[in-house]
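Each of the two chains sits in its own frame; use the hints to bring them together as a complex.
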Amino acid sequence: DAGVTQSPTHLIKTRGQQVTLRCSPKSGHDTVSWYQQALGQGPQFIFQYYEEEERQRGNFPDRFSGHQFPNYSSELNVNALLLGDSALYLCASSTRTAFYGYTFGSGTRLTVV
Amino acid sequence: QKEVEQDPGPLSVPEGAIVSLNCTYSNSAFQYFMWYRQYSRKGPELLMYTYSSGNKEDGRFTAQVDKSSKYISLFIRDSQPSDSATYLCAMTTGGSYIPTFGRGTSLIVHP
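Protein chains in written order, with the numbering used here: chain A, 1 to 113; chain B, 1 to 111.
Certain hints may be false.
Straight-line C-alpha distance at most 20 angstroms; calculated SDA-like pairs for lysine to any residue [as the list claims (entries may be wrong)]:
(1) B:Lys2 / B:Ser69
(2) B:Lys67 / B:Asp7
(3) B:Lys2 / A:Phe45
(4) B:Lys2 / A:Asn59
(5) B:Lys42 / A:Leu11
(6) B:Lys56 / A:Ala98
(7) B:Lys42 / A:Gly40
Here are some of the chain B residues that sit facing chain A, going by a computed Cβ distance under 7 angstroms [said to hold, decoys possible]:
(8) Lys42
(9) Gly43
(10) Phe101
(11) Gly104
These are calculated hints, taken from the structure and not from any lab test.
Everything numeric in this text was worked out from a predicted model, so none of it was measured.
Idealized CB from N, CA, C, for every residue including glycine.
Chain B extracted, bound-state conformation (with noise of 0.2 angstroms):
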């Protein structure tokens, strides 16, 4: 079992429409909470990140921790065409800095 599962999707949705996407992990030891935007032939730029359990909402985007469930959550509201990208989820526990990463969902939003 991998420490962080992340849904490849592709996940598919008009222009407007509330997105969830979502990660599950397994190491309770987690503690700090990321997002990542990855665009094709590019690197991945953060989004967000929270701290322990929790929401944390910026513009667009909400990210969500419920660690008692170990799952995190981001919402993206009106989506727009832009948004279409691959979305990672990272985490890390508060020793080593070096963030774990799913393997990312593809994103794709229609006009």
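The following block holds chain A by itself, in its conformation from the complex (with noise of 0.2 angstroms):
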């Protein structure tokens, strides 16, 4: 039974492109999160995908937004690059409810230049 599956593990980026990331739910699950990890930090929540739409949001800017797809997948799209961007992006699967039961990808390296 696969995991969560992220991609890609890393990535360059230049101070104001775009990227996109991705994120297959564990067999399951219904409920993406999105998680931001700063170095030496605490997975910080970006936002929620259940039913195709964004159900809750932490303290993020425009700039990040995301997409579900009708087979749970998700994708985080950041935009105008930031070097503050820098960071693990995890993604953590759930069904609704069971907030105990994330399982987290193992994360996508962004590093922005």
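This is the structure:
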């Protein structure tokens, strides 16, 4: 049983560019949450998708947007990249209310230069 | 003040030691408490979760919650080098289902 799959694993982008990160949830999970983890920090909640809609959003600017597809997979888009966007981006899947059942992917390491 | 405070460490202990990892929090609405383990270059994995106050044991791991003090702990007995990782506490209210994480404590268990 595959867990959460994220792609790509590493990415280097230039300031001002746009990036798209992808996530396939664990089988049986219908909810996808995205987190940003800066070096030496805990994961910070970006937003959560359920039934193809953004259900909750953390304190992140509109440059961060997302999408969920009918097969529950999800994308995270970041526009106008800043140096401070360099971080590990984690995708977590779960069922709608089983927050304690979060399964995380290994993340995408984004470096903005 | 952050909602969840956690000492980043590193905490270095010899193999076989009892390890105590702790978090404090400020939001009295938190009801669900979780501990995650994160190995280098990996995503966090859930170790344990508890509801409200009290203790919960799972093998070598014991989670403790003291809501009156807004303080939670994770104890690891007979620590092993394979326990070397970053341990993240997380907590959520009953309504949001979105965990708020601490910054994590780096644990090093040396042989």
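Quick rundown of the hints versus the structure:
no.	hint	verdict
1	B:Lys2 / B:Ser69	holds (16 angstroms)
2	B:Lys67 / B:Asp7	holds (19 angstroms)
3	B:Lys2 / A:Phe45	holds (14 angstroms)
4	B:Lys2 / A:Asn59	holds (14 angstroms)
5	B:Lys42 / A:Leu11	holds (16 angstroms)
6	B:Lys56 / A:Ala98	holds (19 angstroms)
7	B:Lys42 / A:Gly40	holds (14 angstroms)
8	Lys42	holds (5 angstroms)
9	Gly43	holds (3 angstroms)
10	Phe101	holds (4 angstroms)
11	Gly104	holds (5 angstroms)
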